[in-house]
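Colleague: Here are the chains, one letter per residue:
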Amino acid sequence: MKKNSKSDILQDVLLLYELSLSIGKSLDFYENADAFLRTMMSRKNLEFTSIWVKSLLEDKSDHVRFYSIPQHRPSVNTVRLPTKIKQCLEREDKHPLLLSKDSDALIDKNIGPGTYAYFPLGDFGMLELFSQHSGDKLSAKKLVQLEKVVLKFGNMLQASLLHEKLKKEIKQRTEAEQRVESIARFPEENPSPIIRISVDYRLMYANRSASYLLTVFDLNVGHRIPDVLLNEIIGKSNSLRKEFEMKVGMRYYSFLLVEFRGNDYMNIYGKEITEKKEAEISLRESEMKYRQLVEAANDIIYSIDTLGYVTYANPKAIQTIESSEEAIIGRFFGELVHPSQREEVVGFYYKQLTENIESTYLRFASITDTGAELWLAQTVRAIVEDDKVTGFTAIARDVTENVRAEQQLKRSEEKYRGIIENMNLGLLEVNNNEIINYANASFCKITGYSQQELIGKNASELLLMHHEEKKMMIENHKLCEGGLSNVYEMEIKHRSGKNVHTMVSGAPLYDQHGKVEGSVGIHLDVTDRITSEEALRESENKLRAVIDSSLDAVISIDEIGFIIEWNRRAEEIFGYSREEALGREISETIIPHKYRRRHNLGVQRFLNTGYGPVLHKRLELEALRKDGSSFHIELSIAPIKVKGHYVFSAFVRDITLEKMGKLEMEKALQKEKELNELKSKFVSMTSHEFRTPLTTIQANAELLEFRLENETLIGKDKVDKNLQRINGEIMRLTHLLNDILLLGRVEAGKIPFNLRSTDAVALVEELLSQSFSTQKDHRKVTLTVKGRARELLLDEHIFSHILSNLITNALKYSQDRPAPEVKIDFRLAEVVFSVTDYGIGIPEDDRTRLFDSFFRASNVDNIQGTGLGLSIVKQYTAMHKGQLEVTSKVGIGSTFSVVIPY
Amino acid sequence: MYLPIATVENIVNELQKKNHRDTVFLLLIAENNSLAYSDLVEALNECQVTFFGAIFPALIYGNEKKNKGVIIHEFPKLTGPILIEGLDKEEFVLPSVQFEEALECGAKSAIMYIDGLTPNITPFFNKLYDNLSHTLDFFGGGAGSLSMQQQPCILSSRGLHQDAAIITFLDLDLDLGVKHGWSKAYGPIVITKGENNVVQELNWENAFEVYQRSLFELSGERVTKENFFETAKSFPFGVYKEGCEDIIRDPVRTNEAGDMIFVGAIPENSAINIMQGTTEELLKASWQAVEEALKDSRPVHCLVTDCISRFMYMGDKLQKELDVVNRMVQASNPDCILEGALTLGEISSFDGKYLEFLNKSIVIGNFYEKEFQK
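Protein sequence lines, in the order shown, are assigned to chains A and B. FYI, this note's numbering numbers position 338 of the first sequence as 338, with every residue one higher than the one before it. FYI, this note's numbering numbers position 240 of the second sequence as 240, with every residue one higher than the one before it.
Because the hints were derived from the structure by calculation, they are not lab data. All C-beta atoms, glycine included, are put in the ideal place defined by N, C-alpha and C. Each hint should be verified, as a subset may be incorrect.
To be verified - According to the in silico footprint, chain B covers these stretches of chain A (three or more CB under 8 Å from chain B):
hint, segment
1, 65 to 71
2, 402 to 411
3, 444 to 455
What the hints assert, rightly or not - Dumping the calculated DSS-like pairs for lysine-lysine here, alpha-carbon to alpha-carbon at most 25 Å:
hint, chain 1, residue 1, chain 2, residue 2
4, B, Lys317, A, Lys776
5, A, Lys277, A, Lys289
6, B, Lys89, A, Lys25
7, A, Lys679, A, Lys716
8, A, Lys780, B, Lys89
9, A, Lys823, B, Lys68
10, A, Lys716, B, Lys320
This is chain A alone, in the form it adopts within the complex (with noise of 0.2 Å):
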């Protein structure tokens, strides 16, 4: 068994003294526990404390108050006495009870398994305490140890409960008390006027707030109330309790005088209602003003019953319906509307009524009872009351003169819209014998002749040059006397000898009798179309000529997917000949059968929506030749959209050459990945395990290096130089195998490369500080800025390696010689980074090898290195679209430079 120390005696005492004295700091009871419980927590290292403690206070006697630490969920306060807590509280050993399995904790509390402990809190409570490590901390020793202390603390909780329960008792009686006196002092603190008169109706008291009621009737106590109130009061039933609204003074009150039979007094409670009796008389004179504004309106107002029978008519609509109140109240309002309109307008209401409309507007005719028409414009809002149609308001305007001014302005616009319409097209009338009677001004301007060159004058002879034109206008003009129009093209000739293409519309004349007279035409100029569809159809046989010399198959089809256009170089590729392919489907021509649907579907979503994500795209896909051979094609489709509809047009490529080759390329490229990552993942795999006993060793290493520090040993120097050699070995390995690692995970890609506008000048700044500021030989790295600043996009973390690696090597090659300088040079197109040192440079013949992988130059001699840095800093500056230079002669010093371009 552990013999505890001396220490350890000292330390058992003072943590029991500690604890009994964080007992008894507060007479609350939770304050108590609480600082016991947590000290108890703290000092023993313990993972659960609870206490079950009987109340004085509770209610039921199989209830306890329950605390712990932590608080275990729910939070409560009280529960029910556990019954193996009650077996241990009745039992008569009061010493601790020790428990060291799960099982048989009393509660079970989901902690885990440990060691228990239970201690007695008089015959009224529990402490149990908990620990996740069976051991000393709750061995029966310790349990010994701590009774005391437990007892003094479970003596302390009594003396809570005790305080609480007198604490409780106190507030009790206090709150008795205000009750008592609250009621007491009711009335003289009610907020309304309470009086007390007596049966001889003199004033026996008056409460606070009926002192204005004093006042104004100057009642005093004693006094006989005053007439007026005396009246009221006689004047009610004889029920025990009267209510009466009247006006004292200033304000209004309701009274509610209630007897008290048997007893020689009764009391008259008042409210003051002066607000509420003001609203309502504010309330009558706002009626008041509205009915006088009604009255005196310019416009018509009345009112209809939901029947349509007239309830009110203002003096306005009265007026203007030239009538009588007498004659106008009680009438239907249909009679009022003009015959013509009258079974429309009432079909209008009678649908506001059945529809609940809230608000109709309508124009309509209206007859005055002298039989005068007039139009009125009317708004008709029904009146709604407890959700109820209950009748319509009507707010009508005589608007005749509107109405008359709006009905002669469409009789002058119809007049004039043919004229104004037709003032563009020329007009020709010939008789029968095709003489010119008359041409417009329109006409004049078509065939380049005035009036008098025309009239009197053949229009056959004059103005048609051909005799298809000829033999159309005498077809046109038989037509025209038989009674019949038609509508032609022709083309008739110019003063000045050109053409001019026509759209003729032909009709007959006919004179005061009804005989065909003549004939009339109206001419439109369709030079201009005539002449684009000429260019427009010409422009397409050159580009027809374009498409089939195309090197590419062009092919069209339309929104139903069928061809429009097939190319000489679609009939190669595809050994449809165009006469074959047109009007075919394309989905059942050239597209293979598994991309059917999804081709029909996408064609549909585009003419759907508008979305199209393969169209103006280079594809590539596979298609079929008219053998059924499938084949590579590249190809792109556009949609063009003529006359509403779309048509897609594709340019094909056969790519089947291409294809095979590229597929040769990327097996051979996938060969060489598999190959790489093979060699990166036995590299990292090798390097990693090599690392892990690395480092056990080197910690191992370094704890004996500590240890021995301050021992004296026999040969203790050789011992340091063994260890230093350890050391140095390690961490030229660790240093070896961190590069390899490395440069394995930039070989595959894997480092992680962020570029973003960087300082970099405080970003070398900062890295000479934090990493070069302090040399075992003191030199002092500087750093020359020249051109104009400017930020970079740099990754910061990598670029940092890139120089940390150069600089790091510039003082390693240039020991006992200057300080190496870093200079960043701020060129137009580009910046430079160098690092020169003065050291034992590098031979010619090596430079060329120099950035390979595990090559050290020839003088190097016993400088360590692992011939990786500079192989990593290429690939890195690479990473940054950089250059990596360097200049040397051997024994005066080399300049390494990254140059990264903005």
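Starting from the known structure of chain A, arrange chain B on it as the hints suggest.
Modeller: For chain B alone, coordinates are given in the frame of chain A:
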């Protein structure tokens, strides 16, 4: 990821590049910078980035101590960070509903940074432990300035806060390693009068006088009010904790009355020892801490909080501590970079133990998904 130059633009650009919809970003910021925090918060909110962070005397990235810049670490988002303010008042309120929600979402661990100089850290931790920490593990530290002057240092989407803590729950398992390496050298001494982080009397005498006398007896060194911090950093207090390392309390200054002021509370009536350490024991402790944190799982998100006063005691030897820790992490997973900060107090709830605010300790937090369990 470490950004040497901390500007609003740099940080925002960096975060925007990432998948910020499913990510919560931790920003550890070195106090030596000229960041416009309100602009930063506004810009990050505009980009709808979920983030939390704090300001520290210095940062740790790999095996390097960084006095400038910012470390950005991405965690898979479970719920948003929860800010608790008003820790200078005794009646601060814990957002229990948000805690419940986080637990319901499957929170397995939490990162917490707290204003290291706020007065009610112990009551806050008590409440937090009662509510949460016995159900999941906490990792974190105290934020603030090396000057020991209290100032806003907790970063949330609502701005920069003083007397506050920020907690982010994660659906990641957490293995912790926590050690300090200090040993009992003198004591025990009883704190007979004190409140919170101020000790007035030791063994019923003036605290500073007892400390001064004890140190002279122990090491021959004469501590004065002028050289207090310089001397006391090598002789902190250890509060007894049965069965494990004592909790270290760091004396930072004394006042005219001879009271001693600490980072973190020391309960009245508790027994303390004056502690001493050697660099090798401290280094050994950090080695043990990292070994403990990595023994059952490969690190994926490996964070560290290392006490600033531990660094001040170790001086240049801190580099060795960082070398050791970083090397162990890299040996376990070459893709994982150690990230963290030098803090004003450390937070670790390990194995469901009572949540304590630590001083002069190193805490390694290894957050991982189940698949990385060894």
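Colleague: Evaluate each hint against the coordinates.
Modeller: Taking the hints in turn, this is what the structure says about them:
no., hint, verdict
1, 65 to 71, "holds (count 3)"
2, 402 to 411, "violated (count 0)"
3, 444 to 455, "violated (count 0)"
4, B:Lys317 x A:Lys776, "holds, 16 Å"
5, A:Lys277 x A:Lys289, "holds, 19 Å"
6, B:Lys89 x A:Lys25, "holds, 21 Å"
7, A:Lys679 x A:Lys716, "violated, 45 Å"
8, A:Lys780 x B:Lys89, "violated, 52 Å"
9, A:Lys823 x B:Lys68, "holds, 23 Å"
10, A:Lys716 x B:Lys320, "holds, 22 Å"
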